[in-house]
Amino acid sequence: MDEHKLRLFLPTGEGKGKTVKEVILIGTAHVSRESIAEVRKTIQEENPGVVCVELDRDRYNSMTRKENWEQLNIFKVFKEGRGFLLIANLVLSGFQRRMGDELGVKPGEDMKTAVETAVELGIPCYFCDREVQITLRRAWARCGLWNKCKLLASLISGAFSTEKPSEQEIENLKNSGELEGMMTELARYLPPVKSTLIDERDHYLAARIWQSVRGMAGPPAAGNDAASLVSSPPRIAVVLGAGHLQGVKNQLERIASGDCGADVHELDTIPKGSWFAKLIGWLIPLAIIALIAAGFFRSGMDISRAMLLRWVLLNGSLAALGTLIALGHPFSILVSFVGAPIATINPFIGVGVFSGLMEASLRKPRVEDAQNISADVSTIKGFYRNRISRALLVFFLSSLGGAIGNFISIPSLAGLLAK
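Residue numbers (our numbering): -11 to 407.
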């Protein structure tokens, strides 16, 4: 069998009820013509009892229903503190779309083809991946401030890179040697992200596949209805990204041997922030207040007033500068300047929420912005043109500017105090 296709024989049950199930893992590159053809051919030739795909319901809907983005409520995104997550999601979508456009293949067409082929053949089809929002939020929660900056920087630089991968380079992504090098590099650069996006999902995917092997996965997402589903199908075809191929194989073998369980409840929850992470959010405002108070007790009102003014100017000006770089509305720039010091004192509210909401209110997103956002975010010009992505850019850059202003303020205020 090809290097990007694995065939497993997994024992299930005990005693006289013990059987062996055949699982065919098909590793794909998500913007590969060859992968699409291979997926359709394998499902048709193998005629499995069940097809599993590396998708969740929301991602499948976003690929098949254009109106999904039209239902986006940007105001709700800001109020619920999901601005950074949406930016990461959009940048990833734009990157995949740009690669797909260059190769003439839509991102995720391999998974979509698997679902369509299963439906055509009357085979039950299951979505076995975790919801993308849960994956992103778990990855974000595990990153410290420095790793969050590195993650966003790598996403943005990758999204707007002018480097164009060839079709052969895309196909090479299915080879184990290429993948091992990429995984090693990701683990070295961003260990928490690699753990969540790859290792954790390997186990999650394997557990959901195992549920399908055992006939315990519930109603299928597509294909035959639940009444016609074989309770324990003899053969299962699984379509997943080549980066998960070896990891899922190992996890399936561990589950089948009893070395680990197939419960994914814990992996479907968002970890709560530690008390230390919450404390960090208060350290900067407390340090600034303490420095200004120390200035008052040491030299009186004049020095404390000068320190307060310097902090407001640094914090507010850099937040406003971020909004200006995002080409935000003049009132959004003003709100960034005024809101940055307020947001610093209350870490539960970021300045980006103020400026993002103002931008979205003054330049209300249009229907065409929602319809075209997937294409617009694949270029810098489109990112600025689209009102939804520009509001997110205002949110991000004003937040970044305000944070830099605060870091600069502390040594600057300490210098004034030392005089």
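Because the hints were derived from the structure by calculation, they are not lab data.
The C-beta atom is built at its ideal place from N, Cα and C for all residues, glycine as well.
Keep in mind that a hint or two might mislead.
Label pairs and their computed distance ranges (CB to CB) [to be verified]:
#1 I122 <-> A294: 41 to 49 Å
#2 G288 <-> D256: 32 to 40 Å
#3 R373 <-> D247: 48 to 56 Å
Against the structure shown, which of the earlier numbered hints fail to hold, in ascending order? 2
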